[in-house]
Amino acid sequence: SAVISQKPSRDICQRGTSLTIQCQVDSQVTMMFWYRQQPGQSLTLIATANQGSEATYESGFVIDKFPISRPNLTFSTLTVSNMSPEDSSIYLCSVDTGYGYTFGSGTRLTVV
Amino acid sequence: ELKVEQNPLFLSMQEGKNYTIYCNYSTTSDRLYWYRQDPGKSLESLFVLLSNGAVKQEGRLMASLDTKARLSTLHITAAVHDLSATYFCAVEWGAQKLVFGQGTRLTINP
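Chains as they are written, first to last, in the numbering used here: chain A, 1 to 112; chain B, 1 to 110.
Calculated directly from the structure, the hints in this document are not laboratory data. All figures in this text were calculated on a predicted structure; none of them were measured in a lab. Even for Gly, the Cβ is constructed at its ideal location relative to N, Cα and C. Honestly, I wouldn't trust all of these hints.
What the hints assert, rightly or not - Computed from the model, here is a short list of chain B residues facing chain A with C-beta under 8 Å:
no., residue
1, 12
2, 16
3, 33
4, 36
5, 43
6, 45
7, 48
8, 51
9, 69
10, 88
11, 96
12, 98
13, 100
Please model the entire structure based on the sequences and the hints provided.
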């Protein structure tokens, strides 16, 4: 199955700044998915990223706040923009391996 | 909109006991996934259930899917401390969208 390298693993950021999270997959995949897991909560899908087209955002998430890039079939980035303490969460990328969904190791973001 | 509900949300049990976690979902789907998450870690895939009546077992864990009842169960047999974690079910809906349950935080005491 696919192996995902996600970085950074954690960061502490000042409010008002932005953080870009990267995910690299060891094989080509059509779609990559970005999730948020707020403290003590379940996972919520932020957006789906296709190579060569704009990402599709779920209700409650907007491109200005969470811009996504997908420059090729093995790589994607998620930026958390103009951060506030409410953005403190774990962010995870995921891909469909054909045998299920594999998740990256996650980025634990704390906004102070 | 698909809703996925797990119960219980918290479960504390003794080693050696059996228990079942339930995952109910509101809309027809033929694909259901179970994941394990340890504190501070990512999600580890446990089971992929792709059809009605599917049953899969790995060690002390067994998962089943009843698509007609929109219900999946994760059964733990003779629990051991190493199984302490949070368990999530996730249902695939629409175009490769996963909707997760709230998670069941399982604590197994010696």
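query: Which numbered conditions among the earlier hints are violated in the structure presented, ordered from lowest to highest?
result: 1, 2, 4, 8 and 9
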